[in-house]
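Q: Each chain, written out:
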Amino acid sequence: MTISDYRIEKRADVGMIGLFAQALVAIALAFIASGLLLTVLGFDSVAAFDALRKGAFGTWRNVQGSLVHAAPLAFTGLAVAVAFRARIWSIGQEGQLFAGAMLAYFFTTFLNLPAIITVPLVILAGALGGGLIGGLSGKLKTRFNVDVIVSTVMLNYIIAYLLSYLLTSRIWMAPDEYYLQTDRIPQEARLPNLWRGADLHLGVALAVLAIIVLHVLINRTTFGFSMRAFGGNPVAARFKGIEPRRMIVIVLTLSGALAGLGGVVQSFGVDFRLSQTFLYGYGSAGLIVAVIAGLRPLSIGLVAFIFGALAKGGLFMQVMADVSSAIISAMQAIILMFFLVTSVLFQYRLRRVDRDV
Amino acid sequence: MKKLGLFLISLALTLTLTGQAVKAETDVNIAVMYSVGLESGWDRIVIDALDRLQASDDNLNITYKGFDAVYGGEAGAVMDLLAQSGEYDIILSATAHSDQIEILSPRYPDIMFVSLGSGNFNTGPNHYLLYGRVHEAAYLLGMLGAGMSESGVLGAVGSFPADDINDQLNAYRAGAQAVNSEVQVKISFIESWYDPQLAIEATYAQNAAGADIIYQLAGEVYEACRDKNILCFGLFEDTHKLAPEVVLSGTELRWDPAFTWVLDEWQAAQESGSFNGNTEAKWFGMAYGGANIFPYYNLSDRVPADLQEKIEQARADILSGALEVPLVLDVPTSD
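Protein sequences, first through last, are from chains A and B.
Residue numbers for the first sequence follow my numbering, so the first one is 1 and each next one is one higher.
Residue numbers for the second sequence follow my numbering, so the first one is 1001 and each next one is one higher.
FYI, nobody ran anything at the bench for these hints, they're computed from the structure.
A quick note: this is a predicted structure, and the numbers were derived from the prediction, not measured.
Mixed in with the good hints, there may be bad ones.
Said to hold, decoys possible - DEER-style ranges, computed between Cβ atoms:
no. : chain 1 : residue 1 : chain 2 : residue 2 : range
1   : A       : G281      : B       : S1192     : 41 to 49 Å
2   : A       : M337      : B       : R1226     : 46 to 54 Å
3   : B       : T1333     : A       : L121      : 38 to 46 Å
4   : A       : R184      : B       : L1242     : 32 to 40 Å
5   : B       : L1242     : A       : P175      : 30 to 38 Å
6   : A       : T221      : B       : G1037     : 45 to 53 Å
7   : B       : P1125     : A       : V146      : 56 to 64 Å
8   : B       : S1192     : A       : L24       : 43 to 51 Å
9   : B       : A1243     : A       : M337      : 24 to 32 Å
10  : A       : A21       : B       : P1106     : 44 to 52 Å
11  : B       : E1324     : A       : P114      : 18 to 26 Å
12  : A       : L24       : B       : A1243     : 55 to 63 Å
Unchecked claim - Selected chain B positions facing chain A (in silico; Cβ < 7 Å):
no. : residue
13  : Y1064
14  : G1066
15  : D1068
16  : G1073
17  : A1077
18  : V1078
19  : L1081
20  : L1082
21  : G1086
22  : F1160
23  : A1162
All C-beta atoms, glycine included, are put in the ideal place defined by N, C-alpha and C.
Produce the entire structure from the sequences given, and follow the hints as far as they go.
A: Here's what the structure looks like:
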């Protein structure tokens, strides 16, 4: 006689399909939980979700809006992934995002060149601004052994307050301006739309490109392998000829450059001004996106799009179904919670074990 | 016979369809984009004016809805969605959203965009600009302050040196000087649009420098006034009830005539098919009922009769046009 028994086993690898299934389950559960929340609070949850869907995907213009919202999140998400894959705990994406936008803006204050030159310069300056700040954290670690978490968090504050200083001291504020924001970014420095009448700007294309490049870099190149090896076991990696000091500086510079590009994409593609309120929050959102995506570049693209759609659809829900913005933040948190729960659950599987008695 | 039946059916269909398609031209639905939220007096007076017009306007059927304060790209996305929904005829922004309206006004040419206050610029024919100028009322407050002050020093706590703040401060000083040519006016800017705590700090500082009457333009400072036993002036809305023992009066901003003008423009555009937005912000002063000062209530017996009379005379002269309060936009300096 045979008796069937079930055992919980850890999976060796969840895989791309597993991850996709996990995302679907997490989103489904999150929507059920959010629906309950909405119903308890007295909202018509069907109407609210319909508004969310319409706002995010209802028209081509709204899909574009979701993609535009997603672009900076993809960059900060990639920035987190690069650092975390090498097990370097950088949480300086916010400051690096600011630094990228600020250095790029700095160039526009005195450069007066046609768009064909200014736009590439602005993009490079964004990567440079973020990269320098990231690299600084790297140097602080390798030269003075300053903890990366500490230096990146401190630099977040320093950069944000530098922007605040440049505005309140009126160095970057127009003389007739009373809101804490810079003057408008000149037309020739703005990221152009991808085609006439489109809402998609060059920054969205850059984000897609960055996702593909990072995917190849991490998974298919020697550098990517060294980076992952370093993250896996720095001591063993050193015996393989990977210089840890160099690796830390390179990874943090690359991570910072990606975050800096996120700042340029948002400021030069959407806001056309710099202000603390416009740029606030992309760093921490990028952390969430990267962690949910399991630090995989392609998945980061997908998760960033989901979050972008949620942001865009959430605005629509707020406007059309009268759902307050606080509930939308709660929904995002619920989604994150279910992603974290399912990511643990999906690492295990049930296996049937047959026993002869 | 069959043909006649078909004709009748199609006629009936046409009538019902056109009947449905044409929305009554007297229905106007307004989306209000707040600058801070209803905790701010600036946003509250917008809603108060809309409520009054809703009740008094027999010509139009006005409905409105307020939306959370958002800025930058998010404000653009919200206004885009409001426009897209087709539910709103007018999008009225209580703050500086012209950057975003610049993208939206050509995209939604049938929707009227209205911007209130400084920091805005015209972005197209369907974009209207309004200012809430209360400098005439500030002039009267200056007279009142100078007449009441024992130290001969008045204070004013401003937000930013924006031109719709400067106009009030300059007029406040001009009014004070009209009563007492020796008067001094202490002016500070707290560099925030609304921050009562910071404004209270500035009030204490001005009081220490001798000011015994304070005009608040950046958040209620009445706690400090009560503490120092001095009188205060409020801004835009009647705040007497908040602190009846210290709020002597205040500038009143009534958007009613400005909104009436905007609604007239909207109706005219429904008939003519084109908007005619203004590039120079329009404002409606005291003579139009757009501004006033609030009554003294229980503090009225502390104001000398001859001073009250003088102020009444000045108010009458402003209304009749005999007195024109100069509109000075230069950044005022503190005495």
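Q: Would you list, in rising numerical order, the hints stated earlier that this structure does not obey?
A: Of the numbered hints given earlier, those the structure breaks are 1, 9, 11, 13, 14, 21, listed in rising order.
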